[in-house]
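These protein sequence lines map, in sequence, to chains A and B.
For the first sequence, this note's numbering gives the first residue as 1, with consecutive numbering after it.
For the second sequence, this note's numbering gives the first residue as 1, with consecutive numbering after it.
Do not rely on the hints blindly, as some may be mistaken.
Identical copies look the same in the list; a pair holds intra-copy or inter-copy alike.
With a cut-off of at most 27 angstroms between alpha-carbon atoms, the simulated DSS-like pairs for lysine-lysine come out as follows [as the list claims (entries may be wrong)]:
(1) K254 x K214
(2) K64 x K158
(3) K19 x K311
(4) K130 x K275
(5) K214 x K19
(6) K65 x K228
(7) K221 x K330
(8) K84 x K19
(9) K301 x K158
Derived by calculation from the structure, the hints in this document are not laboratory data.
Quick caveat, the model's predicted, so the values are computed rather than measured.
Number of protein chains: 2
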Amino acid sequence: MKASAIANANIALVKYWGKRNKTLKLPYNSSISMTTEGLMTHTTIEFSKEYKEDLFILNGKTFKKGSKEYDDGVGRFLNVVRKKAGIRLRAKIMSYNNFPTAAGLASSAAGFAALALAVNQALCLNLNKKELSILARRGSGSASRSIFGGFVEWKKGKRRDGLDSYAHQIVPADYWQDFRMIICITSSREKKVSSRTGMERTVRTSPMYKAWLKTIDQDIKRIKKGIKDRNFTLVGETAQENCLKMHALTMTSKPSIFYWNSTTIDLINRIIEWKNQGIECYFTIDAGPQVKIICLEKDIKKIIKRCRYIKGVEKVIVTRPGRGARITNKHLF
Amino acid sequence: MKASAIANANIALVKYWGKRNKTLKLPYNSSISMTTEGLMTHTTIEFSKEYKEDLFILNGKTFKKGSKEYDDGVGRFLNVVRKKAGIRLRAKIMSYNNFPTAAGLASSAAGFAALALAVNQALCLNLNKKELSILARRGSGSASRSIFGGFVEWKKGKRRDGLDSYAHQIVPADYWQDFRMIICITSSREKKVSSRTGMERTVRTSPMYKAWLKTIDQDIKRIKKGIKDRNFTLVGETAQENCLKMHALTMTSKPSIFYWNSTTIDLINRIIEWKNQGIECYFTIDAGPQVKIICLEKDIKKIIKRCRYIKGVEKVIVTRPGRGARITNKHLF
Chain A
1 MKASAIANAN
11 IALVKYWGKR
21 NKTLKLPYNS
31 SISMTTEGLM
41 THTTIEFSKE
51 YKEDLFILNG
61 KTFKKGSKEY
71 DDGVGRFLNV
81 VRKKAGIRLR
91 AKIMSYNNFP
101 TAAGLASSAA
111 GFAALALAVN
121 QALCLNLNKK
131 ELSILARRGS
141 GSASRSIFGG
151 FVEWKKGKRR
161 DGLDSYAHQI
171 VPADYWQDFR
181 MIICITSSRE
191 KKVSSRTGME
201 RTVRTSPMYK
211 AWLKTIDQDI
221 KRIKKGIKDR
231 NFTLVGETAQ
241 ENCLKMHALT
251 MTSKPSIFYW
261 NSTTIDLINR
271 IIEWKNQGIE
281 CYFTIDAGPQ
291 VKIICLEKDI
301 KKIIKRCRYI
311 KGVEKVIVTR
321 PGRGARITNK
331 HLF
Chain B
1 MKASAIANAN
11 IALVKYWGKR
21 NKTLKLPYNS
31 SISMTTEGLM
41 THTTIEFSKE
51 YKEDLFILNG
61 KTFKKGSKEY
71 DDGVGRFLNV
81 VRKKAGIRLR
91 AKIMSYNNFP
101 TAAGLASSAA
111 GFAALALAVN
121 QALCLNLNKK
131 ELSILARRGS
141 GSASRSIFGG
151 FVEWKKGKRR
161 DGLDSYAHQI
171 VPADYWQDFR
181 MIICITSSRE
191 KKVSSRTGME
201 RTVRTSPMYK
211 AWLKTIDQDI
221 KRIKKGIKDR
231 NFTLVGETAQ
241 ENCLKMHALT
251 MTSKPSIFYW
261 NSTTIDLINR
271 IIEWKNQGIE
281 CYFTIDAGPQ
291 VKIICLEKDI
301 KKIIKRCRYI
311 KGVEKVIVTR
321 PGRGARITNK
331 HLF
């Protein structure tokens, strides 16, 4: 009844933005991501009669019933699991992220992917990867993608029960050896508006939302082709455009949402300059102020050096296509 | 054959963005602006046989045939005028702006409004205000609005010859005595991408452009009602939303256009904070990095004090609804 798993965060190249079903976390649009290497969550779960209530300990901090973290996240997920498994046991969950939580680095994606695997093992549910992806999705939409390594597509699906809304691998991590992302942390504070709130408000109020949805099929097609052909320009340009469309949505919501700070916009302007100077790089930005620079291994040193000159860049993390979620024997308690 | 005129710049509350006819400068959408007080262009023109070629002296710098400033702007405009008046005389034009040129402060609007009036006087064309607005429009679309004082609407019109595309006054300058704008100069460098290029690229490539056009009628209606009722919240909110939609368009163009710098985004984030703290203010931003804070007279001091704490705010200019273009007896040469 005890198991541990590790999962990596993923960074979307075509963003997931907007839910058609909030409970089942079904999206309006398909999305594509790169599973990172090294930005990970390590989770241990134990179900036991000895626990009188669920306990969720994230980075050493305990969350119980009544906290937002538990009620809207882990608690809800555990109820889904208990219903599925036909049990009533309470659980203790301990998780560590090795990167800033809730600052636009998709910590919930890694978290729920790891939790889905751990639960599957602890309760002997025998779910296959597709089923794990669906289960992880119930915790956090983008977690459906972190089940897989390399480059991953989450197909939106059409069914109302969500059984056709899950991720699959486009190519494994070692398919594109010199693909890199440089994550520039510009603020480790929690973001002002959660992705969930941002999505909801966008769908409800942005006059641009329908136009966004109309462009997704082409973005997906282009990025998939770019990944398969290892066409860096095609992947980078399409990802950057897609990210800007997403932020155009949040800005045109009512009230408007700004995920950017001054360092974010400095980086945007500089990355465009660097590209014009011949260092081919692009950016993508999620629901937070961090900037992820998409580049190739050969340019890593030059780009990092330039990043360090920019005021407000607190930390730089280099990542690459990484492994999918996996079980580990190392328990956290 | 010599005359001088003064015109004030105007700041749009519903932006003009996108031309349906580039030569005639006919817009896809109607727009609304406030004519400023004190941000002005003073222009003297003289037509004379003695001039062998047109001479355009802006802020002490001379532009002739072959320069972008002359060929794409004043030269073209003078040819329109000469054709209209049936003359072939060359002209000398001297202009001074008392604010930074081409940095997103609509210097061309004030410039061509003043020029239209000066030309009308110098050549005794006897144009009325509507005709002056149409003439000024041929120089720069937004110049059609600077003919009038106070709050001004430029109706897009439907005709292919543009004779129904001109501005009119909604209310005069003294109608709303405590309405203010604080212009925060964050960079006095010329902008990287001109409005003209920005508009063209947006219309051609932004997937959001149609959605923008669909929202304009409502924005126009709301702002007009807000102005007539002196409903500050309605005017401020609508203007801010409209500006963000315009910038969403430029960002989602291909290649994308960013008019903002780090101070621009700092100001955006702070203005939203101040409003949440109870100082009612909004922002609008044109095709440049300057931020125009929309506020009421009673909050001017508090806001200016706060602006001065923000790194990168080079200069702060307070303006209010101002006069329309007018003839002056003061000649610059």
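Inset, instruction - Have a look at K214 and K19 and pick one of within, between, both or neither, based on CA distance no larger than 27 angstroms. - result: both (16 angstroms within a copy, 24 angstroms between copies)
Inset, instruction - Check K64 against K158 for me: Cα-Cα at most 27 angstroms, and say if that holds within a copy, between copies, both or neither. - result: Cα proximity of K64 and K158: none, with 35 angstroms in one copy and 63 angstroms across.
Legend entry - Within, between, both or neither, where K221 and K330 count as close if Cα-Cα is 27 angstroms or less: neither (40 angstroms within a copy, 64 angstroms between copies)
Legend entry - Homo-oligomer pair classification [K214, K254; C-alpha up to 27 angstroms]: So K254 and K214 pass the 27 angstroms test inside a copy (21 angstroms) and across (16 angstroms) alike.
Inset, instruction - Please work out whether the CA atoms of K130 and K275 approach to 27 angstroms or closer within one copy, between two copies, in both situations, or in neither? - result: For K130 and K275, the Cα distance exceeds 27 angstroms both inside one copy (38 angstroms) and across copies (47 angstroms).
Inset, instruction - Measure nothing new, just compare the shortest in-copy and cross-copy C-alpha distances for K65 and K228 to 27 angstroms and report within, between, both or neither. - result: So K65 and K228 fail the 27 angstroms test inside a copy (45 angstroms) and across (52 angstroms) alike.
Inset, instruction - Could you figure out if K19 and K311 sit no more than 27 angstroms apart (CA to CA) within one copy, between two copies, both or neither? - result: Answer is neither; intra-copy 36 angstroms and inter-copy 39 angstroms both fail.
Legend entry - 27 angstroms Cα threshold - placement of K19 relative to K84: within (23 angstroms within a copy, 58 angstroms between copies)
Legend entry - Homo-oligomer pair classification [K158, K301; C-alpha up to 27 angstroms]: neither (44 angstroms within a copy, 56 angstroms between copies)
Hint violations for this structure: numbers 2, 3, 4, 6, 7, 9, all remaining hints satisfied.
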